[in-house]
Amino acid sequence: MGYKQEFIEFMVRSGVLTFGDFVTKSGRQTPYFINTGNYKTGYQAAKLGQFYASCIRENLPDGVDALFGPAYKGIPLAVSASVALYNDYGMDVNYCFNRKEAKDHGEGGVMVGYQLQDGDRVAIIEDVITAGTAIRECLPVLQNAAKVDIQALIISVDRMEKGTGDKSAIQQVYEDYGIRAYPIVTVREIMEHLHGREIDGKVYIDDEMLAKMEAYLEVYGI
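This note's numbering applies: residue 3 is where the sequence shown begins, and numbers increase by one.
Read the hints as simulated data drawn from the structure, not as lab findings.
Every residue gets a Cβ at the ideal spot worked out from N, C-alpha and C, and that includes glycine.
Keep in mind that a hint or two might mislead.
Result set (DSSO-like, lysine-lysine): computed pairs, CA atoms no more than 27 Å apart in a straight line [stated by the list, open to error]:
(1) 169 with 27
(2) 75 with 42
(3) 204 with 42
(4) 6 with 75
(5) 164 with 214
(6) 75 with 49
(7) 214 with 6
(8) 169 with 75
(9) 102 with 75
(10) 6 with 49
(11) 149 with 102
(12) 102 with 27
(13) 149 with 75
(14) 27 with 75
(15) 164 with 6
Each pair of labels, with its calculated beta carbon distance range [what the hints assert, rightly or not]:
(16) 149 with 39: 29 to 35 Å
(17) 176 with 64: 17 to 23 Å
(18) 64 with 148: 15 to 21 Å
(19) 145 with 30: 31 to 37 Å
(20) 63 with 188: 18 to 24 Å
(21) 148 with 28: 30 to 36 Å
(22) 220 with 149: 42 to 48 Å
(23) 169 with 31: 19 to 25 Å
(24) 121 with 169: 26 to 32 Å
(25) 176 with 202: 36 to 42 Å
(26) 8 with 205: 16 to 22 Å
(27) 202 with 31: 24 to 30 Å
(28) 4 with 130: 19 to 25 Å
(29) 15 with 223: 22 to 28 Å
Given the sequences, and given the hints that come with them, work out the whole structure.
Right, dumping it as structure tokens:
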């Protein structure tokens, strides 16, 4: 089993990837939901870092100088990915993240961890991207810190959905900023791997659920 398939099963077992009837923040009725807030153990954090590290190695073979985790959900992701890159691949990669509010005492500022330098190659580490709002908010933070080269946006799942227009959030981020997004998995890969497959004795995507997901993507997919 490749790391993508292993990650899909890991999300299911962690209660992060669930199936049923949900409403997204944008008001869409969706048959599946991804709640990365359900990661909560040391084991899960360690495994999650390994999956991100595998994705980074696959898509950025020349490496980067720093991983940036946007506050708040991106912080543990950047840290765990940095640890996994060192443990699994011997790559000692810097990490940093921002504060939501600037610190007005001590060293001050909004950045924590590695201090970015002009010319640094940076990968932004996020969980999922829906409207791209978080990316638009963190770009000024990075650009104010140094003249960095943002190499990629690494996310856990690409829902492959339209945003407010005809493009997905991933496509819009690339069009607006020239930043490529690399997901660990896509919703299509989830559907392909889980359809008819038992995970710990349960089939999460049977024919009926697959039909619901296909119908959803027919309306909202790119």
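Here is how each hint holds up against the structure:
no., hint, verdict
1, 169 with 27, "holds, 18 Å"
2, 75 with 42, "holds, 12 Å"
3, 204 with 42, "holds, 23 Å"
4, 6 with 75, "holds, 21 Å"
5, 164 with 214, "holds, 17 Å"
6, 75 with 49, "holds, 16 Å"
7, 214 with 6, "holds, 23 Å"
8, 169 with 75, "holds, 25 Å"
9, 102 with 75, "holds, 12 Å"
10, 6 with 49, "holds, 12 Å"
11, 149 with 102, "holds, 21 Å"
12, 102 with 27, "holds, 22 Å"
13, 149 with 75, "holds, 24 Å"
14, 27 with 75, "holds, 17 Å"
15, 164 with 6, "holds, 23 Å"
16, 149 with 39: 29 to 35 Å, "holds, 34 Å"
17, 176 with 64: 17 to 23 Å, "holds, 19 Å"
18, 64 with 148: 15 to 21 Å, "holds, 19 Å"
19, 145 with 30: 31 to 37 Å, "holds, 32 Å"
20, 63 with 188: 18 to 24 Å, "holds, 21 Å"
21, 148 with 28: 30 to 36 Å, "holds, 34 Å"
22, 220 with 149: 42 to 48 Å, "holds, 43 Å"
23, 169 with 31: 19 to 25 Å, "holds, 21 Å"
24, 121 with 169: 26 to 32 Å, "holds, 30 Å"
25, 176 with 202: 36 to 42 Å, "holds, 37 Å"
26, 8 with 205: 16 to 22 Å, "holds, 18 Å"
27, 202 with 31: 24 to 30 Å, "holds, 28 Å"
28, 4 with 130: 19 to 25 Å, "holds, 21 Å"
29, 15 with 223: 22 to 28 Å, "holds, 26 Å"
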